[in-house]
Amino acid sequence: MTRLRELSTGTRVGLVMVGLTVLLAVIAPWISPYDPISTNADNALVGASRSHWLGTDQYGRDVLSRTLEGGRFALLVSLLATTLAVLVGTLVGTLAAYHGRWVDAGITRVLDAVLAVPAVLALLLIVSVFGNNLWVLVLAISVVYIPAVARVVRGATFPVLSTDFVTAARARGERSLAIIRREVLPNILDTVLVEFAMRASWVVLLVSTLSFLGFGVNPPTPDWGLMIQENRTALTVAPAGTLAPIVTLSVLVVGLNLAADGLGKYLGVDRARRGVLR
Amino acid sequence: MRTTPVAELDGLTVSYRSGAGRVTVAQDIGFSLYAGRTLGLVGESGSGKSTVARTLLGHLRDGSRIDAGQVTVRGEDVFALSGSALRQLRGGVVAVVAQNAGQALTPSLRVGAQIREALRVHGLPADDDRVTELLRLVRLPAPETIGRRYPHELSGGQQQRVAIAMAVATEPTVLVLDEPTTALDVITQAAVLALVNDLREELGMAVLIVSHDLGVVSVVADDVLVLQSGRAVEHGPTPKVLGDPREDYTRELLDAAPRIEGVPAPEVREAHQELTLECQDLDVRYPRAPRLAVSDFNLQVRRGETVAVVGESGSGKSTVATALAGLAPVERGRAVLRTGDDDLHDLLAPARARPAAVRSAVQMIFQNADLALNPRRSIADAIARPLKVFGRVSGRAETRSTVLRLLDEVGLGPEFADRVPAQLSGGQRQRVGIARALAAEPTLLIADEITTALDVSVQASVLDLLAELRDRRALSCLFISHDLAVVRNVADRIVVMKDGRTVETAATAAIFDTPRHPYTRSLLDAVVEPGSTHLPSSDADARVVRLDPAASLVEASEGHWVRDDEGAVTT
Amino acid sequence: MVRLIGIRLGTGLITLFLAAFFVFFAVQALPGDVAEQLLGQNATPEAVETLREQLGLDSNVWARFVEWLGNAVTGDFGDSLVTGEPVSSTIWASFARTLLIAIPAMVVGIALALLLGVWAAARRGSRTDSTVSVLALVAMSIPEFVVATVLVLLLAILVPVFPATVLSGPDASLGELLPAAVLPALTLVISMTAYILRAMRSSTIDGLATEYATTAALKGVPRRAVLWRHVAPTAVLPVLPVISINVAWLLGGVVVVESVFNYPGLGKLMIDSVSTRDLPVLQAIAVLSALVYVTANLVADLLALAADPRQRTLHQPRGRRRTAEVVR
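Protein sequence lines, in the order shown, are assigned to chains A, B and C.
Start counting the first sequence at 48; every next residue gets the next number (our numbering).
Start counting the second sequence at 2; every next residue gets the next number (our numbering).
Start counting the third sequence at 55; every next residue gets the next number (our numbering).
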């Protein structure tokens, strides 16, 4: 569909960055030199060496192994949550726009109310009540982002609804879901794709933030956010323990943002203006 | 005889970047502008006329450049000017009025402030008196106070007058008008054009007017330059070029232009007697709108007959179409449709609630073919959809053959079936729109401003197609338009609307020969077409008749109904 | 005009009510018994019973919601489960300390973002523009806790200018808080500026491409005046909602930043309350942030109303059809 050659350099760099991080996370169990959770008190906080390329953390765990495996949880949660949020958000957004008036006003108010509680706060609230297992996180993050996706999709749907091909379909008496599926969705697919790329970057940030705050993954599972939290006190002694996850996390999110920007430009969706809701 | 020109284009060639290569938009264009004279630059879309005109201000679009030739204003090469000299030229020596004043005026500034700014940046006195004087010069009502308004608080015609006041504020040597009336209604257009003529005389400017409309050029220009795809086709005095064209292309344009004067009235066609559509006392109101969009609307359409509904924007003509298609709520009244099998159907229910037979019997064709086809679906898909929804075909093979037959019927080959709308021209898209409507096998076709967005040459062929189909299939047709000249060639009868009400309805020839309502007369007066030289006064749009709320339609002569407002001829 | 403001105010109140509703029921919708959940499996039946009574769990959930909401409107969010003190007094003290970092961050962030946005747009395609754009992209890609960590490394450890943490917690004096507020505020500025900057740049670029900008330039108006007088006032309108949402979501960033710097504000209180499962405090914080969101939106709406003459006077009902616009 998308011819790679037509994409800008930035987009291609972004896609490579994302691809690389995802690839490493997938094959991490086979290439990690050490077990990421095995501790060794005698070998704590050593610097980079031939046996430990990035040194070890305060429990003597290998930083390289932990960094390689540290994206798995965040990526899995992000993929699932983003997909769910974008799917449901798209459906809610198009339906609200299509039905207009009271339906739209009602849905908009509810979405706004969910948006009113900042994502981090909402997640902390949910996690403190329901615990932090994978599915709770996925569902909670989706719920937090559905309103933002729905609002953007709703905004993108209105111009399509005022076109004459939708008028023609309405005059033929077609049903709302048929019109949304045949006439509306193909024309907002660009917006939805860009939404997906952008939400993914935010969800990754949110998941790592949660882990950093100690409410994401449970130690000793390796995770970038958690690693930064654990190792930042030893920042001056063994900087690699903090810097390595910072670099990988940044590469992933910068890559996602570059890809989203480039995709938006390629598809003619201005995300800087429309995609403002985090 | 002539003095020296104030501005000259010489061998001008402009191109812009497109992908890897460059596309030439103007090729070797040359002309001269003289004080007190108007040159008309005419061409269809894509002819490069706007690009050429704007070079006089030293302005090119991003990615464009001058490949050859030069532009001289008062002896100076415009593209060699320094930044500050160029600013002095712009607005000071050469001023421009753009097509759509609604978009050309800054929304956050009062119009008076925008005129004042034009004076101030050129170091001219910019007190309130001068601003008021300029507002009066362009014949705006209440010139003392109108300057305090924001652009959106003015009508389209008033906005365009403000834009003109802003342009002539510095008493420039050259005034460039880029499609100045295209977005305006016909009465406003005529008044603005008259204003342009007045100002040229009062201020002694050289005027360059860009237009796609030969009629506009005919009433304001002393000379005409016809452009086609960036090349000059014909250049000479207006009466000569329009009266005795040398070039085939000019002749084609002239032939395609819809006309009222000098053409025989359309022949009266034998009409079927049975009524397809009958509306009585329809009132239509959009949700939560304070006023009715259409009130007391009456209409009868016979089988095989075309009835045109004519009016300016806001007259409610499109609302009538929307309501009959079941997409606007009818508050009151009666509308009955007789389908092919002589069944009578109520036409008041919203589309969703109508039986399939009614939905297929009423089909619409839309104004803007760009928006009428889903850009993500193939042409075959678009035409097949009504076939499927109304169960006209079964099976893939039959669908395909029916689609191809319909394409053929609207003059498109089978190769179009698998293209997407972006690969078609405007005229071709409009044909697809017609084919899609035909696929439902309608009884009543509603054509809403279907030629407005098309170039004249394409417009004529689409109208011919519609007439042919109507005759072949004995279709009833409701033709919505703002353009009396277009309507004259296609309609059997005409309904003239204003402010949601019918002011006059009669057979086509009667409307044109003996218009009885003052509003119809001012509409006809305002029509400009190739060869026209007369214009109503420059404030005609402010004096348009007001409707008397107590008036009603009376039958003045057989089949000729007129609203008995002041000035209407009822006997 | 007054009616418009009234409508905005009304929808704001509805949003606030719904948010409070969601927060209350998210917490109360615990599977099983809230009291048992809170106390864990080893709790004695007496302790559970005491807590049930304290939370009023024996009465109907709707009745509890009405009572809670009624009290909340008067500013009474009940007592903390941990300290037993009234929630509101704890929250207001923390909120005041949070404002100490949030308000400077807001003012600096918004001003910086708008200026840089217009500036980058005016130099679109230049090196300045691409530098600003890349920096903004990076700033929005890096989570607040990383920015905070890096700032600590640079300005508290390598070059010790500012303190990295507040040591004395909620008892800290203003004299101790002020220097400690600099790095948290700076962190918030960096993450907030990026979004607003990108929106303003984009909107200004659109504004420069409008016909009225061209018309002004062709009228002989200098470029700087075109930018600030003709383009910027209208270009800022679509950015207002972006600003309002970023202001509202500043509270989310506050949680992270205060946790990193151990700053005794609302965010720190939130983290502590999550650890101790102090539900009344959490509910109150969530409602407070919803109030900030609604207020920020309202302010943005009113500013738009004040800045856009079209919004003030446009009463025409929107018909389904566009007026016939011919674009050639």
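Think of the hints as simulated: they come from the structure by calculation, not from any bench.
Predicted model, so just to flag it, every value in this text is computed and none were measured.
Just so you know, even glycine gets a beta-carbon here, dropped at the ideal spot from N, CA and C.
Take these hints with a grain of salt, some might be off.
Here's a subset of chain A near chain C, in silico, CB distances under 8 Å, partners left out [unchecked claim]:
id, residue
1, 154
2, 156
3, 157
4, 159
5, 160
6, 163
7, 164
8, 173
9, 248
10, 255
11, 259
12, 280
13, 281
14, 283
15, 305
How the hints compare with the structure:
Taken as an interface hint, residue 154(A) does not check out: its beta carbon lies about 11 Å from the nearest beta carbon of chain C, beyond 8 Å. This hint holds: residue 156(A) has a C-beta 5 Å from the nearest C-beta of chain C, less than the 8 Å allowed. Below 8 Å, beta-carbon pairs count as interface contacts, and residue 157(A) has one with chain C at about 6 Å; its hint therefore holds. Among the interface hints, the one on residue 159(A) holds; its C-beta lies about 5 Å from the nearest C-beta in chain C, closer than the 8 Å criterion.
For residue 160(A), the interface hint holds, since its Cβ comes within 8 Å of a Cβ in chain C; the closest pair sits about 3 Å apart. Contact between residue 163(A) and chain C, as hinted, is supported at the beta carbon level, the nearest pair being about 4 Å apart and thus within 8 Å. Proximity of residue 164(A) to chain C holds as hinted, the smallest CB-CB distance being about 5 Å (cut-off 8 Å). With 8 Å as the threshold, the beta carbon of residue 173(A) comes within range of chain C, its nearest partner Cβ sitting at about 6 Å, so the hint holds.
The restraint placing residue 248(A) at the interface with chain C holds, with a minimum CB-CB distance near 7 Å, inside the 8 Å limit. Interface hint status for residue 255(A): upheld, as the beta-carbon distance to the closest one in chain C is roughly 6 Å, under 8 Å. The beta carbon of residue 259(A) comes within 5 Å of a beta carbon in chain C, closer than 8 Å, and the hint placing it at the interface holds. Proximity of residue 280(A) to chain C is violated relative to the hint, the smallest CB-CB distance being about 10 Å (cut-off 8 Å).
With a cut of 8 Å, the hint placing residue 281(A) at the interface with chain C is violated, because the nearest CB-to-CB distance is about 12 Å. At a threshold of 8 Å, the smallest CB-CB gap from residue 283(A) to chain C is about 6 Å, leaving the interface hint in force. About 7 Å separates the beta-carbon of residue 305(A) from the nearest beta-carbon of chain C, less than 8 Å, and the hint is met.
In this structure, the hints that do not hold are numbers 1, 12, 13, in rising order.
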